[in-house]
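Asks: The chain contents come next:
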Amino acid sequence: SAVISQKPSRDICQRGTSLTIQCQVDSQVTMMFWYRQQPGQSLTLIATANQGSEATYESGFVIDKFPISRPNLTFSTLTVSNMSPEDSSIYLCSVVGRGEGASYNEQFFGPGTRLTVL
Amino acid sequence: AQSVTQLDSHVSVSEGTPVLLRCNYSSSYSPSLFWYVQHPNKGLQLLLKYTSAATLVKGINGFEAEFKKSETSFHLTKPSAHMSDAAEYFCVGYNFNKFYFGSGTKLNVKP
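From first to last, the protein sequence lines stand for chains A and B.
Under our numbering, the first residue of the first sequence carries the number 1, and numbering increases by one thereafter.
Under our numbering, the first residue of the second sequence carries the number 1, and numbering increases by one thereafter.
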């Protein structure tokens, strides 16, 4: 299994500023994702973070607003740019891997970053 | 298109009674299916997964789910609810390197 840490765990930011969220995994993983969970909602996939190339964004999310870096197989950052109160959410990093002895992929989640924009 | 539908946004049961959380999937191919639980202000925890090895899957904390291809369903059940089961539950499908989240079901357990 993969252990994922995220920094910061929470932050309160002013409108118009940017926040960069870090995701660190304890093992090398090929597939890494960033999700958003708005209050009382399910998870929405923002993008797939690709190592060595540009991230793949889902419909409704753009690179200018959510730039992503993936410099290696254990680390990624997501920046929330020019924030507004609508960006207040939990942002989660996720990786795909195999549990011990497993023959299938499963998804492991970081603890999330709780962002409040005033 | 692949999708996962959770049929109830809220379910309320009394402690000690059975739990049923419903999930239907839409897929051209048999997907892998998962149930995750999210307790308030906590991260997502994997409850159980179906990967075609067996249609009845047992998970942690007494939960189980049955994959029914004829009904395209993967409902989550537990014989007897406990107060600590109160949380939000997500049904998730996986196919072609992508995960599909259901909208979630909030489970309330009354004393």
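These are computed hints drawn from the structure, not numbers from a lab.
Treat each hint with caution, since some may be false.
As the list claims (entries may be wrong) - Calculated cross-link-like contacts (lysine-lysine; reagent style BS3-like; alpha-carbon spacing at most 25 Å):
hint : chain 1 : residue 1 : chain 2 : residue 2
1    : B       : K58       : B       : K42
2    : B       : K98       : B       : K58
3    : B       : K58       : A       : K65
4    : B       : K106      : B       : K42
5    : A       : K7        : A       : K65
6    : A       : K7        : B       : K110
Claimed, not checked - Computed from the model, here is a short list of chain A residues facing chain B with C-beta under 10 Å:
hint : residue
7    : I4
8    : L19
9    : S42
10   : T48
11   : S84
Each residue gets a CB set at the ideal place from its N, CA and C atoms; glycine is no exception.
Asks: So, for every hint listed, does it hold in this structure?
Replies: Hints, one by one, checked against the model:
1. A threshold of 25 Å between alpha carbons decides the hint, and for K58 (chain B) with K42 (chain B) the separation of about 23 Å falls inside it, so the pair holds.
2. With a CA separation close to 24 Å, the supplied pair K98 (chain B) and K58 (chain B) stays within the 25 Å bound.
3. For the given pair, K58 (chain B) sits about 41 Å from K65 (chain A) by alpha-carbon distance, which is inconsistent with the 25 Å threshold.
4. Pair hint K106 (chain B) plus K42 (chain B) holds up; C-alpha atoms about 14 Å apart against a cutoff of 25 Å.
5. Restraint check for K7 (chain A) and K65 (chain A): satisfied, since their Cα atoms lie roughly 19 Å apart, inside the 25 Å limit.
6. Of the pairs offered as hints, the one joining K7 (chain A) and K110 (chain B) is violated, with about 36 Å between alpha carbons and a cut-off of 25 Å exceeded.
7. Among the interface hints, the one on I4 (chain A) holds; its C-beta lies about 9 Å from the nearest C-beta in chain B, closer than the 10 Å criterion.
8. At about 19 Å, the closest approach between the beta carbon of L19 (chain A) and any beta carbon in chain B exceeds 10 Å, and the interface hint on this residue is violated.
9. At about 5 Å, the closest approach between the beta carbon of S42 (chain A) and any beta carbon in chain B falls short of 10 Å, and the interface hint on this residue holds.
10. Annotation: T48 (chain A) was flagged as interfacial toward chain B, and the flag holds, the nearest CB pair being 8 Å apart, inside 10 Å.
11. Annotation: S84 (chain A) was flagged as interfacial toward chain B, and the flag is violated, the nearest CB pair being 24 Å apart, outside 10 Å.
In this structure, the earlier hints numbered 3, 6, 8, 11 are contradicted, and the remaining ones agree with it.
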